[in-house]
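Enquirer: Residues per chain, in single letters:
There are 2 protein chains.
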Amino acid sequence: MLKEIFWGEAIKLASPYPYVLAVTVDREGKPNAIGLGWWTYVSWEPPMIAIAVGPKRYSYECLEHCGEFVLAYPAEDQWKGAWHCGTVSGRGRNKLAEAGLKTVPAKVVKPPLIEGATVCYECRVVERMRTGDHELFIADVVAIHGDPGKPKHLYSIGYEKLAALSHDELRTLARR
Amino acid sequence: MLKEIFWGEAIKLASPYPYVLAVTVDREGKPNAIGLGWWTYVSWEPPMIAIAVGPKRYSYECLEHCGEFVLAYPAEDQWKGAWHCGTVSGRGRNKLAEAGLKTVPAKVVKPPLIEGATVCYECRVVERMRTGDHELFIADVVAIHGDPGKPKHLYSIGYEKLAALSHDELRTLARR
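Listed in order, the protein sequences are those of chains A and B. 1 is the number of the first residue of the first sequence in this note's numbering; add one for each residue after it. 1 is the number of the first residue of the second sequence in this note's numbering; add one for each residue after it.
Accuracy of the hints is not assured; some may be wrong.
Identical copies look the same in the list; a pair holds intra-copy or inter-copy alike.
[As the list claims (entries may be wrong)] Each computed DSS-like pair below joins lysine-lysine, with the alpha-carbon atoms no more than 30 Å apart:
1) 107 to 3
2) 110 to 3
3) 3 to 152
4) 80 to 3
5) 161 to 107
6) 12 to 152
7) 12 to 80
8) 56 to 80
9) 56 to 3
The set of hints was computed from the structure by calculation and includes no laboratory data. Values in this document were obtained by computation on a predicted structure and should not be read as measured data.
Next comes chain A alone, as it looks inside the complex (with noise of 0.2 Å):
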């Protein structure tokens, strides 16, 4: 029976979420990475994507800096430097490289794409919106790479872990 419960109840009840790395450069040029899960799609022509970042974060700096993002999906593998990402700040320190994440340069975009990743998503903020306690940044993808060989990749549970799975994995369950 449904009753009334908190919202941190409700969103870990509501678990998992696709867990992702939004890479952006900052005012040296030297990439970071913020783990995310609130993020998606919002338009599918022309293909849009929006992330949501709290305004303390390093990254909400370097995102109103350069304007661009790489939405990446980190692989399974990838999963102690994901979680780095999402854990500490990258002001004064090189976060991707204690991550142990290697970058290869994007094709359009300045931030650099995850090399190992499952998708990586090449973002240009066209508009924001300040929501609550965090800024909505609203981006057209301008590149598109994945691995179809890397399909495992990262979901958060309740924000507190993180877990793989991958589409054909979940097939397995499918009902329809």
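Let chain A serve as the given structure and place chain B on it in line with the hints.
Expert: For chain B alone, kept in the frame of chain A given last:
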């Protein structure tokens, strides 16, 4: 190795995504529901959620009219009805009744809750923005309901199939 791939391919590779219903009421007060994969949390405090809906959808008219929705996580045993809501229009028909989904009155908003769901968020639209071929409705969460006894809810695989998963279940696969 990452290589350039098409948008549709990437969206499939990056799936599964949590699958929800947005429940509205039309001008006659009849409840309607649309299946959605494009939504996200956008603020922790105050609690806020955004959903992306195409302007040709009947739910778009309903949202314009009533300015409220219930974001419901259908539970595993509701997969057939939940899928039905994502594949036909509610214009001129009672989709929820056809889908075998029972409703119960919400606490604050006009649209009802889905009985037997995992989580239901009561939402009031506070802002909207056009994003390509969809409209983003930004909403305050004004009441929250859940059933910890029904944690298994639905995920869409490339928007072609539904499968069920719970946070507990995925936790057994968790890396950290």
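Enquirer: State whether the alpha carbon distance between residue 3 and residue 152 is at most 30 Å within one copy, between copies, both, or neither.
Expert: between (35 Å within a copy, 16 Å between copies)
Enquirer: Given a CA cutoff of 30 Å, do residue 56 and residue 80 count as a within-copy pair, a between-copy pair, both, or neither?
Expert: This pair counts as within: shortest intra-copy Cα distance 24 Å, inter-copy 43 Å.
Enquirer: Up to 30 Å between alpha-carbons, please classify residue 56 paired with residue 3: within, between, both or neither.
Expert: neither (34 Å within a copy, 34 Å between copies)
Enquirer: Measure nothing new, just compare the shortest in-copy and cross-copy C-alpha distances for residue 110 and residue 3 to 30 Å and report within, between, both or neither.
Expert: between (48 Å within a copy, 18 Å between copies)
Enquirer: With identical chains, the pair residue 12 and residue 80 could be close in the same copy or across copies; at 30 Å between alpha carbons, which is it: within, between, both, or neither?
Expert: both (21 Å within a copy, 24 Å between copies)
Enquirer: Can you tell me if residue 161 and residue 107 fall within 30 Å by alpha carbon in one copy, between copies, both or neither?
Expert: neither (32 Å within a copy, 32 Å between copies)
Enquirer: 30 Å Cα cut-off: does residue 107 pair with residue 3 within a copy, between copies, both or neither?
Expert: between (49 Å within a copy, 11 Å between copies)
Enquirer: Are the CA atoms of residue 12 and residue 152 at most 30 Å apart within a copy, between copies, both, or neither?
Expert: both (22 Å within a copy, 12 Å between copies)
Enquirer: Have a look at residue 80 and residue 3 and pick one of within, between, both or neither, based on CA distance no larger than 30 Å.
Expert: between (36 Å within a copy, 24 Å between copies)
When held up to the earlier numbered hints, the structure conflicts with 5 and 9 and fits the remainder.
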